[in-house]
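Sequence lines, in order, name chains A and B. Anchor point for the first sequence: position 78 equals 367 in our numbering, and the numbering is continuous, going up by one each time. Anchor point for the second sequence: position 229 equals 234 in our numbering, and the numbering is continuous, going up by one each time.
These aren't lab readings, by the way, just hints derived from the structure by calculation. None of these values were measured; they are calculated from a predicted model. Yeah, the Cβ is synthetic: ideal placement off N, Cα and C, and Gly gets one too. Do not rely on the hints blindly, as some may be mistaken.
What the hints assert, rightly or not - Which chain B residues stay away from chain A? Per the calculated CB distances, all over 12 angstroms, these: (1) Ala54; (2) Thr99; (3) Asp131; (4) Gln132; (5) Arg146; (6) Leu148; (7) Lys152; (8) Arg209; (9) Asp299.
Unchecked claim - SDA-like, lysine to any residue: derived pairs with alpha carbons at most 20 angstroms apart: (10) B/Lys294 to A/Gly319; (11) B/Lys152 to B/Asp94; (12) B/Lys152 to B/Asp113; (13) B/Lys294 to A/Ala315; (14) B/Lys152 to B/Arg134; (15) B/Lys294 to B/Gln269.
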Amino acid sequence: MDFRQLTVAITAACFLGLGLQSTASAGVIGTQAYLAAQARAGHLADINAALARADVQAQLISLGVDPVNAATRAAALPDAELAQVAGQLQTLPAGGDGLLAVIGVVFIVLLILELTGVIDIFKKV
Amino acid sequence: MATTACTTLTRPLPEDPGRELSGVPFFPQTIHQCGPAALATVLGASGLATTPEQLAPLVYIPGRRGSLQVEMLAAARSQGRLAYLLEPDFAALTAELEAGNPVLVLQDLGALGIHLWHFAAVVGYDQDRELVILRSGTERRRLEPRKRFLRAWRGGQNWAAVITPPDQPAATASGSGFIRALSATERYLSAEARNTAHAVALARWPAEPLVLLANGNQAYATGHLTEAISRYRELLVVESGNLAGRNNLANALLDAGCTVAALQEARQASALVPAGSPLAAAVADTLAKATAADAAGGSTCRAE
Chain A
290 MDFRQLTVAI TAACFLGLGL QSTASAGVIG TQAYLAAQAR AGHLADINAA
340 LARADVQAQL ISLGVDPVNA ATRAAALPDA ELAQVAGQLQ TLPAGGDGLL
390 AVIGVVFIVL LILELTGVID IFKKV
Chain B
6 MATTACTTLT RPLPEDPGRE LSGVPFFPQT IHQCGPAALA TVLGASGLAT
56 TPEQLAPLVY IPGRRGSLQV EMLAAARSQG RLAYLLEPDF AALTAELEAG
106 NPVLVLQDLG ALGIHLWHFA AVVGYDQDRE LVILRSGTER RRLEPRKRFL
156 RAWRGGQNWA AVITPPDQPA ATASGSGFIR ALSATERYLS AEARNTAHAV
206 ALARWPAEPL VLLANGNQAY ATGHLTEAIS RYRELLVVES GNLAGRNNLA
256 NALLDAGCTV AALQEARQAS ALVPAGSPLA AAVADTLAKA TAADAAGGST
306 CRAE
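Isolated chain A (complex conformation):
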């Protein structure tokens, strides 16, 4: 078990503990529990959600997010949305670049054209 797996296991245990505490009031079906059941997120899925949350937290940290913030952010994701994120933090659309990136692309295209000899604008550089 490497460090990341260990982190995931420990955090999952913490989330599981929280989950168990919150299911203590017997009988009444809360709105969130009802919605979760409608989404077919049963008891097994609760455990998966805890694992997924821990995994998202570890991934956020590995992508440079401050560990304290990563914990808060993983905890802030609802179970239904966790499923969309877990294991996919590298590939999901990450909105970030506007004009700056467009300028970057234009530059790269110009550079390729320059290198392939199609245009000749960087001669003096």
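Please build the complex by placing chain B on the supplied structure of chain A, with the hints as guidance.
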């Protein structure tokens, strides 16, 4: 001269309060930070003063040089706001604008297979000139021809969200959609704000099953048994097979001392449980409690 055509089209338009939400704040983005900037824009429009700098620790991912959609919504919720995902069509977007809500959108500004994901806030639509007006990147008032906007928006799967205070449902929200959004934000709200939001939902969607269930649960959680019993009964009139409503009615009746009626409802709830339902345990608990209370000497009461 294609560029001239473009500039003559976009430049001379003055800001028009009839067509756009001029009061929506603007935060020019710094490098890669369109997520926090767009989020601060729509949060500001919902009456919450914040800055991209304050939001960046909640949504920015350095290793991706950007922000994820789910985290944008989660961050809005953590600020006590409802995050409502719109139907992925332009009509829903313009309906929200007409109601005064700026719309957070994800666009793909890339081309040739290179994705350049970008968050922006739509603040207006000029129907005559077919121009979409956005707070985007470093532009306070970006005018995008409708077709170009739609192409970039389609690249973002037509993802659009509206951020509202908890007592102001989005214009295109359904009753169940509102309760889902509220339920995801509830833990960040004060007891008073929760009560108000549920009351608003009940006034607007008095016959929507999920609204009635949520209102019953809210009344039950705050100790208003008579009100909870009324809401659950109204729910069962609309949807007699609602398992959670039947089960929770049994619990509320038990707490009110109405053991005979409670046992009856608990038995009916048990009969409704589908095989393998995650709610089975709660219903079994309810039936056990009701059976025990009945065995200890059943009583009838006024609420029956």
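A quick look at each hint next to the structure:
no.: 1; hint: Ala54; in the structure: holds, 21 angstroms
no.: 2; hint: Thr99; in the structure: holds, 22 angstroms
no.: 3; hint: Asp131; in the structure: holds, 21 angstroms
no.: 4; hint: Gln132; in the structure: holds, 25 angstroms
no.: 5; hint: Arg146; in the structure: holds, 14 angstroms
no.: 6; hint: Leu148; in the structure: holds, 15 angstroms
no.: 7; hint: Lys152; in the structure: holds, 18 angstroms
no.: 8; hint: Arg209; in the structure: holds, 17 angstroms
no.: 9; hint: Asp299; in the structure: holds, 15 angstroms
no.: 10; hint: B/Lys294 to A/Gly319; in the structure: holds, 17 angstroms
no.: 11; hint: B/Lys152 to B/Asp94; in the structure: holds, 13 angstroms
no.: 12; hint: B/Lys152 to B/Asp113; in the structure: holds, 14 angstroms
no.: 13; hint: B/Lys294 to A/Ala315; in the structure: holds, 9 angstroms
no.: 14; hint: B/Lys152 to B/Arg134; in the structure: holds, 12 angstroms
no.: 15; hint: B/Lys294 to B/Gln269; in the structure: holds, 12 angstroms
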